[in-house]
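J.: Residue numbers (this note's numbering), protein chains in the order written: chain V, 92 to 369; chain B, 59 to 326; chain F, 229 to 475.
Keep in mind that the hints were calculated from the coordinates and are not lab data.
There may be inaccurate statements among the hints.
[Said to hold, decoys possible] Cβ-to-Cβ under 7 Å is the rule here; a few derived chain B residues that face chain F:
#: 1; residue: G113
#: 2; residue: I116
#: 3; residue: L187
#: 4; residue: G208
#: 5; residue: V224
#: 6; residue: A225
#: 7; residue: F226
#: 8; residue: S234
All figures in this text were calculated on a predicted structure; none of them were measured in a lab.
Even glycine gets a Cβ: it sits at the ideal position worked out from N, Cα and C.
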Amino acid sequence: MSYKTDLPVMKPFKPREPEPLLGFRPWHFVVIALIAVFGPSLAFAQAGVPLLTPFAVLLDWVPLLLQGFIFNLAISFLAMALGTALGTLLGLGQISLSRVTRGVSWFLTQFFRNAPWLVLLFFAMFLLPFEINLLGLSIPFPDWFKAILGLSLPVMANVSEIVRGAVKSLPSGQWEAAESLAYSRRQTLWLIILPQCVKRMLPPWMNLYSILTMATVLASIVGVSEVMTLTGQALAAEGGRPELLAPFYGFVLLLFFAYCYPIARFTVRLERKFAVIN
Amino acid sequence: MSNTTMNTLASALIVSAMGLTAASADVLDTIKERGTLVVGVKADYKPYGFLDSSGNIIGIEPDLAKDVADKLGVEVEYVPVVSSNRMQFLEQGKIDLMIATMTDTEDRRKVVQIVDPNYYSSGTNILALKSLGLKEWEDLRGKPVCGIQGAFYNKSTSQNYGAEIVAFTGTAEAYSALKAGNCAAFVYDDSAIVAKTNDPEWSDYEMPLKTIDDAPWGLAVQLGEDEFAALMSDMITEWHTSGRILELETEWGVANTPFAEAMHAKFK
Amino acid sequence: MDVIFEWFRVLYDETGINLPFLYDAYDRNRMIDGFFTTIRLSLVCLFFSVLIGVVGAWLQGSTFKWTRRIVNGYIQLFRNTPPLVQLYFFYFAIGTMLPTVENDWGGQSPILGSFAWAAISLSFFAGAFNVEIFRSGIEAVPKSTVEAAEALGFSRLQIYRDVTLPLAFRVVLPALNNNLVNLVKTTTLAYAIAVPEMLYEANQIWSDNVNVTEMMIFLLLAYFVLVGILVGGMNRWERAMRIPGFG
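Let's have the full structure, built from the sequences with the hints guiding it.
T.: Encoded structure:
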């Protein structure tokens with residue numbers, strides 16, 4: 092038996108977003124970055140390795156690493172676009188009136204949500220055909236394209252859940268009013284429900300994009316040439332010196348932080364702006 | 059979807075499909091038509107194939123690939139590969155030719171067409187600290203040994219000699235792990251290890267064991283490309299006759315391997 | 229038992245479906261080890277990330293500005309950088325800087341091995357998300373409840389332990405479950421630093437036997453079942469811990 096009580100048992104639970112890094116000005120970040128990247132070099136300088144060398148080596152490779160990072164961003168855009176398109180369809184399938192569609196959509200969503208991203212990436216890389224034959228001509232699938240397909244699968248499942256959650260959060264009065272005004276189901280969805288859902292979907296969608304951007308480094312494990320692969324190759328070309336490890340990996344961390352942190356702050360602002368008072 | 063959208067999509071598809079090559083033509087014709095020879099080479103295996111700071115792949119094998127491209131009168135394009143995908147790329151037609159430090163084995167000949175005679179050779183050996191005093195392969199029993207994922211000697215090293223293989227995705231990670239002491243030795247091709255022992259960074263390390271499984275390397279083309287294979291066979295013979303392999307080894311700082319010298323003497 | 233395994237070898241010979249981790253003893257042991265390593269890594273990370281979450285939430289309520297800032301900085305750093313790069317940074321960059329100890333094969337090893345670093349890195353990664361979740365849970369406990377406890381003579385620590393935490397825990401359970409499931413999925417990243425978990429062993433097997441399709445399908449099913457069991461168990465627990473009249 093469940094009770095309804097007016098005593099303040101608990102306040103509503105809403106996972107809060109972390110506060111901004113209080114009081115940090117941009118120059119603080121630069122100082123922190125320098126310490127993080129070159130601090131380890133100081134440790135090695137005790138052992139006699141000159142301090143400036145890792146810095147100089149890193150600077151040498153920075154243009155190439157930046158190119159790799161831009162490739163990561165390109166992969167993230169394309170995978171997000173593809174995953175969102177497929178996920179919206181799947182999400183609408185989950186609220187469909189037909190039991191079969193609902194069941195199949197639910198199963199696909201759960202299946203791709205439960206699978207680790209790396210395993211799905213391997214799956215796409217190894218099992219997708221290397222080319223498809225269309226009208227007698229063959230269209231090759233380059234491996235970055237397979238990586239995009241592999242990454243779009245978990246995105247699709249998560250977008251499907253976001254869509255379903257957003258649609259369910261709308262008051263049922265909307266559906267009833269539309270029905271009483273003789274809107275068909277398709278019209279209700281496209282003209283009334285989904286436009287209202289877009290606002291609710293935006294913050295979790297942007298959160299998903301941030302997660303996806305960070306997941307693009309997984310493509311390095313399956314051989315796609317992006318920033319982590321290039322870092323590994325640069326380290327190999329430099330002879331695998333241990334004092335270079337921290338600066339190089341630290342630089343990659345910095346790149347991702349510089350890109351994802353503003354997105355996170357923007358998402359918090361969006362959430363406040365679109366906060367729906369129920 | 060509206061009619062205009064469908065039309066645009068269909069035309070885009072057809073236009074993009076027209077720009078692509080047909081699959082069934084002979085690869086030599088495709089290469090000449092395209093004007094580029096696409097070669098799969100390693101990008102993390104100094105000095106056989108590695109990156110310079112502008113991102114170009116350089117090394118012994120890229121130079122060999124350039125020779126082939128010059129012979130065909132086309133440009134060369136390098137595609138970086140690793141042990142776990144080099145054969146797949148060739149099978150898929152993503153690359154026309156593969157010169158990527160691949161050991162010639164019977165199983166591999168079933169998947170890709172390895173060209174005879176072999177162009178290079180190396181065996182399996184380990185890189186380990188001098189202070190460890192390893193003398194025999196049996197000394198590795200029970201010890202963690204770094205390796206590269208996908209290498210064919212990982213299984214034999216662990217099954218025959220009882221070593222615990224710790225496999226990493228790339229050589230940079232494996233060398234870092236060895237330097238840090240996460241493993242006792244690094245099992246790899248002796249050609250790479252010899253080059254490493256000359257590096258002043260690695261002066262405390264040696265290659266102590268007897269090289270086993272001295273196995274020739276094979277460069278490969280797609281199965282069924284007999285004309286290309288015949289051309290490559292002639293090229294390899296020419297490399298051995300002219301001493302090109304020995305010349306490249308010296309240029310990139312590797313001691314002349316006995317196999318290369320023997321082949322040069324044989325074909326001279 | 230061996231009869232069942234031999235059947236799979238027959239299956240391979242007849243149909244070409246190659247499942248060496250069933251009929252070959254060596255591969256089978258590898259796969260079972262990998263499975264248990266995944267489970268072990270998940271449990272260790274689960275435990276420590278929850279611990280970090282609780283401690284971090286406690287520290288975030290501190291009166292000292294710098295404590296709050298440091299915890300906040302940690303959260304922002306670990307939430308906005310890829311866990312794979314964090315893993316590499318911990319294992320390769322920081323690992324090489326720590327002192328070494330004598331080990332049993334006569335050389336010097338870093339104090340922490342790959343499993344330890346994977347556990348540390350993933351715990352910190354998941355912990356960063358947990359801190360905010362626990363903090364929100366603590367804030368969802370009404371002040372009146374805490375004041376009532378104070379009026380009854382509970383000390384601050386007793387209030388935190390006996391009143392706030394139990395209530396907060398029940399409230400955060402859904403969000404926490406989501407996090408923990410993600411953590412289990414993220415353990416596959418340990419593959420990159422050669423922790424012998426399920427994906428790593430599967431990769432070894434398919435490198436040796438060139439049977440990628442079968443291994444991939446097996447992996448997908450294995451993780452689906454593992455995560456499915458976890459999700460099902462968590463849902464049961466959530467229902468058992470529900471607060472009447474709330475939600």
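J.: Going through the numbered hints above, which ones does this structure break? Give me the numbers in ascending order.
T.: As far as the earlier hints go, 1 and 2 are violated by this structure, in ascending order.
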